[in-house]
Amino acid sequence: MRTIYTYGLFLVLFTFVVAPLLGPEYRLSVPSAEATEQLNDSYGDRLGTVRFPLSCSDAANQLVERGGALLHHMTYNGARASFAAATQQDPECAMGYWGQAMTYIHPLWSDKPSRGDFETGRALVAEARARGQKTDRENAYIAAVSSYYEAGWTKDEAANLRNFEAGWENAYRRFPEDIEAASFYALAHLATASPGDKTYQKQKKAGAIAETILVQVSDHPGAHHYAIHAYDYPLLAYKALNIANNYGEIAPDIPHALHMPTHIFTRVGLWDESIIFNKRSAEAALKHPAGNKISLHYPHALDYLVYAYLQQADDDSAKQVMDELLILEGSFQTHIAASYSFTAIPARYALERQQWADAAALDPGLPANYPIGKFPAMEAITYFARALGAARSGNVAMAKQAYEKLVALQGKAEKTSAYWANQIEIQRLSAKAWITYQEGREKEALGVMQQAAELESLTEKHPVTPGEILPARELLADMLLAMGRYKDAQAEYESVLRRSANRFNSLYGAGVAAEMVKNKEEAVWYFKKLMETTGNVETDRKQVQHAKLYLTRNQMTSGGNTYRSAEDMGS
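With the sequence shown counted from 1, adding 2 to any position gets you the working numbering.
It is worth saying that the hints were derived from the structure and are not from the lab. Glycine included, each C-beta is placed from N, C-alpha and C at the ideal position. Fair warning: there could be bad hints in the mix.
Unchecked claim - List time: in silico BS3-like cross-link candidates among lysine-lysine, alpha-carbon distance up to 25 angstroms:
| hint | residue 1 | residue 2 |
| --- | --- | --- |
| 1 | K417 | K402 |
| 2 | K376 | K114 |
| 3 | K289 | K241 |
| 4 | K402 | K114 |
| 5 | K157 | K414 |
| 6 | K520 | K530 |
| 7 | K417 | K445 |
| 8 | K550 | K489 |
| 9 | K544 | K530 |
| 10 | K321 | K114 |
| 11 | K414 | K402 |
| 12 | K295 | K321 |
| 13 | K136 | K114 |
| 14 | K157 | K136 |
| 15 | K114 | K414 |
| 16 | K281 | K295 |
| 17 | K157 | K417 |
| 18 | K281 | K321 |
| 19 | K522 | K489 |
| 20 | K206 | K157 |
| 21 | K376 | K157 |
| 22 | K417 | K376 |
| 23 | K414 | K445 |
| 24 | K241 | K295 |
| 25 | K241 | K204 |
| 26 | K550 | K520 |
| 27 | K241 | K200 |
| 28 | K241 | K114 |
| 29 | K114 | K157 |
| 30 | K520 | K321 |
| 31 | K489 | K544 |
| 32 | K445 | K402 |
| 33 | K530 | K489 |
| 34 | K407 | K417 |
| 35 | K445 | K489 |
| 36 | K376 | K295 |
Claimed, not checked - Across the chosen pairs, the derived CB separations fall in these ranges:
| hint | residue 1 | residue 2 | range |
| --- | --- | --- | --- |
| 37 | R443 | S220 | 21 to 27 angstroms |
| 38 | A128 | P465 | 29 to 35 angstroms |
| 39 | K417 | D365 | 24 to 30 angstroms |
| 40 | A370 | Q322 | 18 to 24 angstroms |
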């Protein structure tokens, strides 16, 4: 067992090692010997404990282990630099080439390698096969990564990921006591899980493997990381709460490691914890650029941060974060996570505050120095917000214009991702429902809104997002509330809370719905829960003022009321 530390013998300034390895032009190149002696990726001396099979020189072994830990943290550029430095120290170090090939595969991210990067990875696998005397375990690792590349580059990433899963399953079954093979199998197994499988069969299996590893090595980076991904679902999140609390302390200088716990905090509605860790993640991300560009981990952390602030009604803090992101100078790493954040944050800021006119006026071109149009599903977020905002502020003509753009973007997304095209379909139906409602066809509108909510219930959120821009079922509850169907509205708000704990608008909506049918006990419960969620935040939101007034009038602002979960409230 070896705990990863920074090795002073191999320090080099980060920008001189990582930056040359970022582009598709990289082909088996490695840092110079002089650079290797100075290797300093600035990720600190705490990365967790790993156990890799190694037949390289001692100096190269240390770099491979560091690269392996960074690989588990999905810090792919830093890992690649460390693996490359290992092959400079020991050109016959097969695991150095193996590791570089692994860094081009991002199983849980929606960014399959370009054709050039794919061919680089395949060439690295061939190099790993050709180099040095290898143990059986090392050969099994090389065979596992080779399984991803052997069919060649295709537009269907799912097929290569299935091969990747099979390759790591073979390694895992051959060496069942090998915690690294087990970790990579858990990761690959997760990558092939269906978003529509509500039994969570693969997620549960991957999580169980990760938990078994943590019994043996309590600070294993991959086991922490993959367990959080495995349990990042409403019904499973509680299983990862302790793991989430630990992960950020294992690697306190890794942006992604600091962010990952907030996937679980968001699921269970722990907004203070989410704010703390996403602030730390964003700060760390600015210290670790992607070459000469601002890392994707920066806007990604800010999206989760803004979401948490908005659930606490801390609108001033949310706006400050949004403004800082959109005026930040410099180029950003082009990635789906960054693209999502750039459109989601302004949309959330308007829609969560129910500032419909502001949503209708959103600019899809922000920030000006980023190619939003490269990702149609992300661009669609702005037009969903515009369509919904215009409809709910009574401007049907403007809503229809945005709706048509949304439909066009859905057509583009269908060519690249069935998942994201389906997300746009949910948005399209939601926008159509509210346009129809404003046109006076309430029964038809309700049917369309129910269709959107049911479609959403059959899918899961992508790891790139803390939650839907606005949940379709929450929009359904809003419509029922507007129609005076208060008990039905409350049931739908409670359904939202089972999926997304402590959402401000659903807590408030459930309270209002209970109030309207004079169910004082349940109204008080939800309004007190709302006040607990917002804490001591100073806010101008009228919902908070209404909740305070109701609680005061009912003389139940403190004591005498037992909190119940949304499940207990039932429907």
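Here is how each hint holds up against the structure:
1. K417 <-> K402: The hint holds at about 24 angstroms.
2. K376 <-> K114: 15 angstroms, holds
3. K289 <-> K241: Judged against 25 angstroms, a Cα distance of about 32 angstroms means the pair is violated.
4. K402 <-> K114: Violated: K402 and K114 sit about 34 angstroms apart, past 25 angstroms.
5. K157 <-> K414: 15 angstroms, holds
6. K520 <-> K530: 16 angstroms, holds
7. K417 <-> K445: Violated, at roughly 33 angstroms.
8. K550 <-> K489: 22 angstroms, holds
9. K544 <-> K530: Roughly 15 angstroms between the alpha carbons, so the hint for K544 and K530 holds.
10. K321 <-> K114: 33 angstroms, violated
11. K414 <-> K402: 19 angstroms, holds
12. K295 <-> K321: 24 angstroms, holds
13. K136 <-> K114: 29 angstroms, violated
14. K157 <-> K136: 33 angstroms, violated
15. K114 <-> K414: 18 angstroms, holds
16. K281 <-> K295: 19 angstroms, holds
17. K157 <-> K417: 10 angstroms, holds
18. K281 <-> K321: Distance of about 15 angstroms is within 25 angstroms: holds.
19. K522 <-> K489: Holds, because 13 angstroms separates the two Cα atoms, which is no more than 25 angstroms.
20. K206 <-> K157: 29 angstroms, violated
21. K376 <-> K157: 16 angstroms, holds
22. K417 <-> K376: Holds - the C-alpha atoms of K376 and K417 are around 13 angstroms apart, at most 25 angstroms.
23. K414 <-> K445: 31 angstroms, violated
24. K241 <-> K295: Distance of about 36 angstroms is beyond 25 angstroms: violated.
25. K241 <-> K204: 15 angstroms, holds
26. K550 <-> K520: 17 angstroms, holds
27. K241 <-> K200: 16 angstroms, holds
28. K241 <-> K114: With a Cα-Cα distance of about 30 angstroms, the restraint between K241 and K114 is violated, given a limit of 25 angstroms.
29. K114 <-> K157: Between K114 and K157 the Cα gap is close to 9 angstroms, so the pair holds against 25 angstroms.
30. K520 <-> K321: 36 angstroms, violated
31. K489 <-> K544: 22 angstroms, holds
32. K445 <-> K402: Satisfied, since the Cα-Cα distance of roughly 19 angstroms is no more than 25 angstroms.
33. K530 <-> K489: 19 angstroms, holds
34. K407 <-> K417: Distance of about 16 angstroms is within 25 angstroms: holds.
35. K445 <-> K489: It holds: about 17 angstroms lies between the C-alpha atoms, which stays within 25 angstroms.
36. K376 <-> K295: 17 angstroms, holds
37. R443 <-> S220: 21 to 27 angstroms: 59 angstroms, violated
38. A128 <-> P465: 29 to 35 angstroms: Once the Cβ atoms are compared, 32 angstroms apart, the range 29 to 35 angstroms for P465 and A128 holds.
39. K417 <-> D365: 24 to 30 angstroms: For D365 against K417, whose Cβ atoms are near 26 angstroms apart, the range 24 to 30 angstroms holds.
40. A370 <-> Q322: 18 to 24 angstroms: 20 angstroms, holds
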